[in-house]
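**Q** Going by this note's numbering, the sequence shown opens with residue 537, and the numbers climb by one from there.
Worth flagging that the hints you see were computed from the coordinates, not collected in a lab.
Using 25 Å as the maximum straight-line C-alpha spacing, the simulated DSS-like pairs for lysine-lysine come out as follows:
(1) K649 / K751
(2) K746 / K693
(3) K606 / K693
(4) K693 / K649
(5) K693 / K751
Beta-carbon label-pair distances, calculated as ranges:
(6) I628 / T719: 14 to 22 Å
(7) C648 / R598: 28 to 36 Å
(8) W724 / Y758: 34 to 42 Å
Predicted model only: the values in this text are computed from it and were never measured. All C-beta atoms, glycine included, are put in the ideal place defined by N, C-alpha and C.
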Amino acid sequence: MEVAVFIIIILVASTLQTSTGFGFSILATPFLLLIFEPAEAIQINLVLSLIISAALIRRIRRDIDYGVLKRFIIGSSVGMFIGIAIFLMVDIDGLKRVIGIVILGLTLLLICKFRIDRNRGRDFFAGGLAGALTTSIGMPGPPLLLYFAGTDSLKEKVRGTTLAFYLFIYTVSLIIQIVFAGTGQTVWIASLWGLPLVFMGLFVGQRLFKYINQKGFRIFTYVILVVTGIYLLMDSAGLV
Numbered sequence: 537m538e539v540a541v542f543i544i545i546i547l548v549a550s551t552l553q554t555s556t557g558f559g560f561s562i563l564a565t566p567f568l569l570l571i572f573e574p575a576e577a578i579q580i581n582l583v584l585s586l587i588i589s590a591a592l593i594r595r596i597r598r599d600i601d602y603g604v605l606k607r608f609i610i611g612s613s614v615g616m617f618i619g620i621a622i623f624l625m626v627d628i629d630g631l632k633r634v635i636g637i638v639i640l641g642l643t644l645l646l647i648c649k650f651r652i653d654r655n656r657g658r659d660f661f662a663g664g665l666a667g668a669l670t671t672s673i674g675m676p677g678p679p680l681l682l683y684f685a686g687t688d689s690l691k692e693k694v695r696g697t698t699l700a701f702y703l704f705i706y707t708v709s710l711i712i713q714i715v716f717a718g719t720g721q722t723v724w725i726a727s728l729w730g731l732p733l734v735f736m737g738l739f740v741g742q743r744l745f746k747y748i749n750q751k752g753f754r755i756f757t758y759v760i761l762v763v764t765g766i767y768l769l770m771d772s773a774g775l776v
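When you get a sec, could you build the whole thing from the sequences and use the hints?
**A** Right under this line is the structure:
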């Protein structure tokens, strides 16, 4: 049963990541926590997400907003160390509860047509939040999803910029996780078994991307955010 769940999780999450630029960590991490210990689930997510980003970077490099990418990286360089401190010291369930409430509240604002203007300071802040969430719970996606959705960014720019950012954030976060939390054989065996599933997801996701229009992309974003927020609240309350 665990093997079947693992296959479904990785295949669906990698397809989602490839077609939207988001989704692997948002979808995979919560469900991987049902099978693995927290540190193992986070590190498996980091390894496979890194592979996806590396595999796609050549194809999407023309869609990258390099100015925003640079500011995300600078902001996350600070956020990652805050995140690992949270992971080692703070009650993770309480953190998930707070993040879940914030995600649902902000998503509601976005659905009600609340919009923000993108600027350099907000780019740094979004990158910092993404960095903190990567090393603490393995989820860099929600801050970037919310930020891009609030600024009505084109789906090509969203996918290209986030995948390029993930290539950096997942590499550094994995190193930080291994140094401060350690690693184990389970992480690398599970990651190896996940590789064929990731490449299947890459194939399917690339083809789906062509058929997703801007409106559909926005609706899909809201669905991902709502599901993530609800899951984090349920998980923090011990209901899943």
